[in-house]
Amino acid sequence: MTKAGTTVRTADPPTPAVRLPRRRGVELALIVLAVLLSVYGYCAVGFARNGTVPPGAAGYGAGLGVLALMAHLAVRWRAPYGDPLLLPIGVLLNGLGLVLIYRLDLETPGDRAAPTQLVWSTLGVTLFIVVVLLLRDHRVLQRYSYVCVVAALVLLTLPIFFPAVNGARIWIRIAGFSIQPGEFAKVLLAVFFAAYLAANRNALAYAGRRLWRLQLPTGRVLGPIVSIWLLSVGVLILERDLGTSLLFFGLFVVLLYVATGRTGWIAVGLLLASLGAVAVGWLEPHVHSRVEDWLHPFASIEAGQGPNQLAQSLFAFATGGVLGTGLGLGHSVLIGFAVKSDFILATAGEELGLAGLSAIFLLYGLLVERGYRAGLSLRDPFGRLLAVGLASIVALQVFVIAGGVTGLIPLTGMAMPFLAQGGSSVVTNWAIVALLIRISDSARAQYDGEAIP
Amino acid sequence: MTRYIRHAAVFCALLLAALLVNATRLQVVQSRTYDDSPANRRATIARYGQPRGDILVGGRPVTGSRDTREQLRYERTYRDGPLYAPVTGFASQEYGTTFLEHAEDGVLSGADPMLSPLPLWNDFTRSRNPGGDVVTTIDPAAQRAAYRGLGGRKGAVAAIEPSTGRILALVSTPSYDPAVLSGNDRAAARSWARLNGDADKPMLNRAARQTYPPGSTFKVVTAAAALDAGVITDLDEPTDSPAPYRLPGTTTTLTNESDGCADLSLREAFKWSCNTVFAKLGVDVGVTDMATTAQAFGFNDPALRIPFSVARSTFDTTMDKAQLALSSIGQYNTRATPLQMAMVSAAVANGGQVREPYLVERTTRAGGTTVATAGSRPVRQAMHPATAVRLKELMTDVVREGTGGNAAIPGATVGGKTGTAQHGILNSGTPYAWFVSWAQGGKDLEPKVAVAVVVEDASAFRQDITGGGVAAPIARSVMAAVVNSTK
Chain A
707 MTKAGTTVRT ADPPTPAVRL PRRRGVELAL IVLAVLLSVY GYCAVGFARN
757 GTVPPGAAGY GAGLGVLALM AHLAVRWRAP YGDPLLLPIG VLLNGLGLVL
807 IYRLDLETPG DRAAPTQLVW STLGVTLFIV VVLLLRDHRV LQRYSYVCVV
857 AALVLLTLPI FFPAVNGARI WIRIAGFSIQ PGEFAKVLLA VFFAAYLAAN
907 RNALAYAGRR LWRLQLPTGR VLGPIVSIWL LSVGVLILER DLGTSLLFFG
957 LFVVLLYVAT GRTGWIAVGL LLASLGAVAV GWLEPHVHSR VEDWLHPFAS
1007 IEAGQGPNQL AQSLFAFATG GVLGTGLGLG HSVLIGFAVK SDFILATAGE
1057 ELGLAGLSAI FLLYGLLVER GYRAGLSLRD PFGRLLAVGL ASIVALQVFV
1107 IAGGVTGLIP LTGMAMPFLA QGGSSVVTNW AIVALLIRIS DSARAQYDGE
1157 AIP
Chain B
785 MTRYIRHAAV FCALLLAALL VNATRLQVVQ SRTYDDSPAN RRATIARYGQ
835 PRGDILVGGR PVTGSRDTRE QLRYERTYRD GPLYAPVTGF ASQEYGTTFL
885 EHAEDGVLSG ADPMLSPLPL WNDFTRSRNP GGDVVTTIDP AAQRAAYRGL
935 GGRKGAVAAI EPSTGRILAL VSTPSYDPAV LSGNDRAAAR SWARLNGDAD
985 KPMLNRAARQ TYPPGSTFKV VTAAAALDAG VITDLDEPTD SPAPYRLPGT
1035 TTTLTNESDG CADLSLREAF KWSCNTVFAK LGVDVGVTDM ATTAQAFGFN
1085 DPALRIPFSV ARSTFDTTMD KAQLALSSIG QYNTRATPLQ MAMVSAAVAN
1135 GGQVREPYLV ERTTRAGGTT VATAGSRPVR QAMHPATAVR LKELMTDVVR
1185 EGTGGNAAIP GATVGGKTGT AQHGILNSGT PYAWFVSWAQ GGKDLEPKVA
1235 VAVVVEDASA FRQDITGGGV AAPIARSVMA AVVNSTK
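Taken in order, these protein sequences are the chains called A and B. Per my numbering, the very first residue in the first sequence carries number 707; after that it's consecutive. Per my numbering, the very first residue in the second sequence carries number 785; after that it's consecutive.
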């Protein structure tokens, strides 16, 4: 293992030049499949509702296809060794999300979200292309780690100065567009955590006092990172966005463990987490009611007030069964508020069934796995930590929101990556995929033309 | 670091596994629990997501469905709602269903697995079929004649075909339009409150769900019991009964509306509706035989379904002789629905056999193929066939020469019996006017229709309320509608 910042490709020019397969053709084929699947879903909705192909099917398919193709060309040009699965998974999930939102728009004619979501998706893919084209090496980011953390904190603090929407101060409104700056902060914080831990991991792992079996780090090293973490969590509790708070915490613990290998960190982390959870659950009525809902989802029905959102979500999933009702034929709109964002998975569960839901979960699983794989095959610690961090963001986010709407854990508001309505989330996730492509490209390119170790 | 990355990857895999296991629990293992929750609106949405099947009268639907484009999409509509309300009942998104809409809900709503070409498979998949139709036995001409005959008065008419038990008319007034209850909006709620608060009870099905003291029309049953028991062997023999008649074991005496009832023969006493003669006859027959005959006609049967349930008509099985005397002339605790009295009349017309009445001829799929037919219904011998022949004679005399002259139809044989039932404390209420009858057209081989009419009208003068004056003309128009249509 090499120290951060050192270059790997320095020594011995290889004599038997081994050309690694780039697999760009596989990627293109999978992208075509992803676009076709999305267009098929779009048509299925139209057939179920009106018996005809919806009017915009060709345009929608062409739009999505052109976007995916541009992304593919950018990858082909500037990241030829990139992982061929990442981009098609992103296209498929984003396309499916658009289909689900379009399908729910039919139930709420006064509130159309699909066109806006399409605009945001375009922006997201544009950002993807920009990142792939301009960011030639992920290690460049390491230099800007402190810029990243300052930017993240500014973004997190910004919504406090804007009015609360639905009880949470996480949005800022500019020119009709709602932006959730906390989403962008995720990536920036992951970059900072990765850079900081890569530079200080030995100090964290081996310095400091030993207390029984726990290796306590020195305050000098731990101070900055804990204070920044406390600050971000504090801001989030002030803004009442507990899903993101949970996500940051999880990310922090995972990266700390991966960087130092100290199980003690996990123990400390879990202790902190449970203390925090109990305290917040106790003190904050908003969170307390979420926990109550999770423990007794039918309490409001028994009290004669009708089913709450979580109960409606559970009804939707249960109706889906194994095969689902079919796109456009469910009644997940009964969930009401947030059906297109936090509860989008309930629509997938009802209309695509356990089969479709499992496929979606496995797609996320595959996305995370490719991220981890890129991390494993890299040699520089920063890149490894960044890949693991970005993949973990996706994994944790999916678990927190999917577990919440299926009644596995208390519900915390968060966007399902790519699927849910919410522009900031889509743009962020495209940025994550772009970074993972860049990292996987570096990971594989380092072996090209060399003897495989 | 590689090891720790692998550990973290395993952790992510565990999260994924937890999600998949939980999704399986929710969507497969425990899904029925959620599906069956009363708060889950999906079953309701599916129920109203397709047009409801129709109820057919005379080959034409009297119901329909209206597409509201709301969440509960289709709403019930009715053609001639008030006329057919005692048959159809209502089908409301808010207040449930009644009568045929209730009894045949499985077929009409499409939930019945028999509507599918593969019923067992359909029961497994629980998918919904298009709503089926319910073909009724109602004769629209008879129904309309009865409704028009009752006019604005409070009352009910039941008509059945004696040889089969098919119900030809089932009318109750005042009525209401069931369409006002179909929706789930504020107007439906207002209508519901108004109809329930109405003192005239327009939603009450007086023909099948309301019992009245049958009064003198019950003398048909008493006469049948007397003839079957052998208390009377000759219709023209004097009956050895005093007038007025002192109720056994009491000092109360029973009188008649008309004079000259003392010692009259059964034929004359039936014609002029002598209370004294029939009270004594009932006592002579005895409570056991009287109750047996009444029950054979259908009294005391709580299980009658047509296919919706019918109120139980009653004849006490344990009582003293004075009570039996009053019961035998349709007073005391004797109570009958108009449908029950139509069955009594039909039994006489049908050689003593009671056919269980029914309202549904058959049910069909949306395409018109038959799901189920009424089939053959159980038969009960209410009296000896010879007794039936003699009772027919007695009833014909009532119309030809006695109190039921208003029911006569030219060219047809009509038998009937009037009744004027006292009720209320010390008989203070306005009496109910009754008429039960049957009719056989000139060319018919058997009687075509048996009718029971009851009119409860507080607005008329007390002395004008008689079965022959008020109820017989209604019965006549109903019978004429049936007999003339078959000519």
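Source of the hints: derived by calculation from the structure; they are not laboratory data. Here the structure is a predicted model, which means the values were calculated and not measured. Misleading hints may appear alongside valid ones.
[What the hints assert, rightly or not] Now the in silico label distances, taken between C-beta atoms and shown as ranges:
1. A:F868 x B:R809: 53 to 61 Å
2. B:A802 x A:G731: 34 to 42 Å
3. A:R818 x B:G880: 51 to 59 Å
4. A:G757 x B:L1229: 51 to 59 Å
5. A:E1008 x B:R857: 25 to 33 Å
6. B:G1151 x A:A763: 19 to 27 Å
7. B:A802 x A:E1008: 23 to 31 Å
8. B:A802 x A:V732: 45 to 53 Å
9. B:G880 x A:A973: 38 to 46 Å
10. B:A802 x A:G757: 46 to 54 Å
11. A:L743 x B:T817: 50 to 58 Å
12. B:P1091 x A:E990: 52 to 60 Å
13. A:G816 x B:S1160: 52 to 60 Å
14. A:L944 x B:A977: 28 to 36 Å
A virtual CB, placed ideally from N, CA and C, is assigned to each residue, including glycine.
Q: Just tell me: holds or violated, for the beta carbon distance of A:L944 and B:A977 against 28 to 36 Å?
A: violated, 51 Å
Q) Between B:A802 and A:V732, does the beta-carbon spacing fit 45 to 53 Å? A) violated, 31 Å
Q.
Does the beta carbon distance between A:E1008 and B:R857 stay inside 25 to 33 Å, or does it fall outside?
A. holds, 29 Å
Q) When you take the CB atoms of A:G816 and B:S1160, is the distance between them in 52 to 60 Å? A) holds, 59 Å
Q: Take a look at whether the Cβ-Cβ distance between A:G757 and B:L1229 falls inside 51 to 59 Å.
A: Hint holds: Cβ distance 55 Å, inside 51 to 59 Å.
Q. Quick one: are B:A802 and A:E1008 within 23 to 31 Å, going by C-beta?
A. holds, 28 Å
Q. Taking the beta carbons of B:A802 and A:G731, is their distance inside 34 to 42 Å?
A. For B:A802 and A:G731 the Cβ distance comes to about 36 Å; the hint holds.
Q: Given the range 38 to 46 Å, decide if the beta-carbon distance of B:G880 to A:A973 lies inside it.
A: violated, 60 Å
Q. Per the hint of 52 to 60 Å, is the separation of the Cβ atoms of B:P1091 and A:E990 within bounds?
A. holds, 58 Å
Q | A:L743 paired with B:T817, Cβ distance criterion 50 to 58 Å | A | violated, 33 Å
**Q.** Verdict for B:G1151, A:A763 (Cβ pair) under range 19 to 27 Å
**A.** At 34 Å between Cβs, range violated.
Q. Can the suggested window of 46 to 54 Å be confirmed for the beta-carbon pair B:A802 and A:G757?
A. Roughly 40 Å apart at Cβ, these two residues miss the hinted range, so it is violated.
Of the numbered hints given earlier, the model fails hints 1, 3, 6, 8, 9, 10, 11, 14; all others are met.
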